[in-house]
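Undergrad: Those protein sequences? They're chains L and A, same order as listed. All residue numbers for the first sequence refer to this note's numbering, where the first residue is 19 and numbers rise by one. All residue numbers for the second sequence refer to this note's numbering, where the first residue is 336 and numbers rise by one.
FYI, nobody ran anything at the bench for these hints, they're computed from the structure. A hint or two may mislead.
As the list claims (entries may be wrong) - Which residues of chain A face chain L? A partial, calculated answer using Cβ under 8 Å: (1) 344; (2) 374; (3) 428; (4) 435; (5) 439.
As the list claims (entries may be wrong) - Some chain L residues well away from chain A (every beta-carbon gap over 12 Å; in silico): (6) 19; (7) 44; (8) 64; (9) 79; (10) 93; (11) 95; (12) 97; (13) 104.
Stated by the list, open to error - Reference excerpt, derived from the structure (chain L facing chain A, CB under 10 Å, subset only): (14) 22; (15) 24; (16) 27; (17) 50; (18) 56; (19) 62; (20) 101; (21) 102; (22) 103; (23) 105; (24) 108; (25) 109; (26) 110; (27) 115; (28) 121.
Quick caveat: nothing in here was measured; it's all calculated off a predicted structure. All residues carry an ideal CB built from backbone N, CA and C; glycine is no exception.
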Amino acid sequence: SQTIHQWPATLVQPVGSPLSLECTVEGTSNPNLYWYRQAAGRGLQLLFYSVGIGQISSEVPQNLSASRPQDRQFILSSKKLLLSDSGFYLCAWSGQGVHEQFFGPGTRLTVL
Amino acid sequence: GEDVEQSLFLSVREGDSSVINCTYTDSSSTYLYWYKQEPGAGLQLLTYIFSNMDMKQDQRLTVLLNKKDKHLSLRIADTQTGDSAIYFCAETASGGSYIPTFGRGTSLIVHP
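Bound-form chain A, shown alone (with noise of 0.2 Å):
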């Protein structure tokens, strides 16, 4: 079956990049996502990327994609510690119904 997997812990210095990366298994993955989660809170998708595409950027954030190896990654610019929370990585496959599988999520530590 599909599989996700990232790393569980990074932490960072406030003013930093961050980089979180992420694998997954399914060869037809359609769109790629990033959520992050707040402590106590739900998911809030922050941005996600078509599988025909290997980059898109919104302001801080910026989504490489290589569909060769499978690898997703997720890059915020200029960390700060309201960054802080846990960052999933999903996918979909194609078929219509569009129910995602999630990564476990990489807790992010800014510290200043």
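Excised from the complex, chain L in its bound form (with noise of 0.2 Å):
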């Protein structure tokens, strides 16, 4: 069966540091990977998705980027994170052609 993992779990960094979160995929191949972020109060927003390795599509301009270096393995990174960076970001996949999205545990981001 296809699990996805995400961490760390809880991240707690200081305006101007970096970020790195991690997802990946297992069972499945070639899946369609996404990275959400949910603020306080407010739905879902789609960030970051991929049909494949090294093919990332941005949703939102920001002070984030993504990269897939692996198949199942999709990375959310920042070189100086801001305040409004905070929030709970999920990590989502797909199969190809497949409707249906699984999301991971999520990784929640305090920056102060």
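Can you join these two chains into the complex? Each is in its own frame, and there are hints to help.
TA: Structural data, given as structure tokens:
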């Protein structure tokens, strides 16, 4: 069966520090991968998605970037965090041509 | 652009039925979803309905779709305290990318 992992689960970082969040999927090949941010009291905002290795689509201009160095690995990064980057970051995957998305457990990021 | 609207809160008594409502604007919606998010966790896909259906039942869950009015509802029968969570409505439009648009979520509070 397929599983999706995210780490770390919780992160507290100072303003201006770098960021690296990791997401990996097991039990499937060539998944579509997604990064979402959930700010307090708000819905989900799609940040990036990827349909294959090295292929990244950005949905909103921001302080963050994404990379997909391996088929089942998706990384969310920042060179310098802002206070407004605080939130709950969710990774999700879906099969190619399949409509259901499945979510990881999330990373709670607090920027102080 | 697409928009998905939900009321933010619903409070019910344990044992009663809960009905969570959602409206959407995209007339080309293909699939409509209900996700559940428990505190501090990722989103769990509860159920989905294809746009050419008007009802889907799965144990205690009943999804109703009124395509003419672009209205989706989730009914939870015999609501339990374990059903307390945030419920997200989402839709994907035809076109193949299957990237969902999410509502802001309805926080369901079940009290004894």
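Undergrad: Look at each hint and say if it fits the structure.
TA: The hints, checked one at a time:
no. : hint : in the structure
1   : 344  : violated (11 Å)
2   : 374  : violated (11 Å)
3   : 428  : violated (11 Å)
4   : 435  : holds (6 Å)
5   : 439  : holds (4 Å)
6   : 19   : holds (14 Å)
7   : 44   : holds (15 Å)
8   : 64   : violated (6 Å)
9   : 79   : holds (16 Å)
10  : 93   : holds (18 Å)
11  : 95   : holds (20 Å)
12  : 97   : holds (26 Å)
13  : 104  : holds (15 Å)
14  : 22   : holds (8 Å)
15  : 24   : holds (8 Å)
16  : 27   : holds (9 Å)
17  : 50   : holds (8 Å)
18  : 56   : holds (8 Å)
19  : 62   : holds (4 Å)
20  : 101  : violated (21 Å)
21  : 102  : violated (18 Å)
22  : 103  : violated (19 Å)
23  : 105  : violated (13 Å)
24  : 108  : holds (6 Å)
25  : 109  : holds (8 Å)
26  : 110  : holds (8 Å)
27  : 115  : holds (8 Å)
28  : 121  : holds (4 Å)
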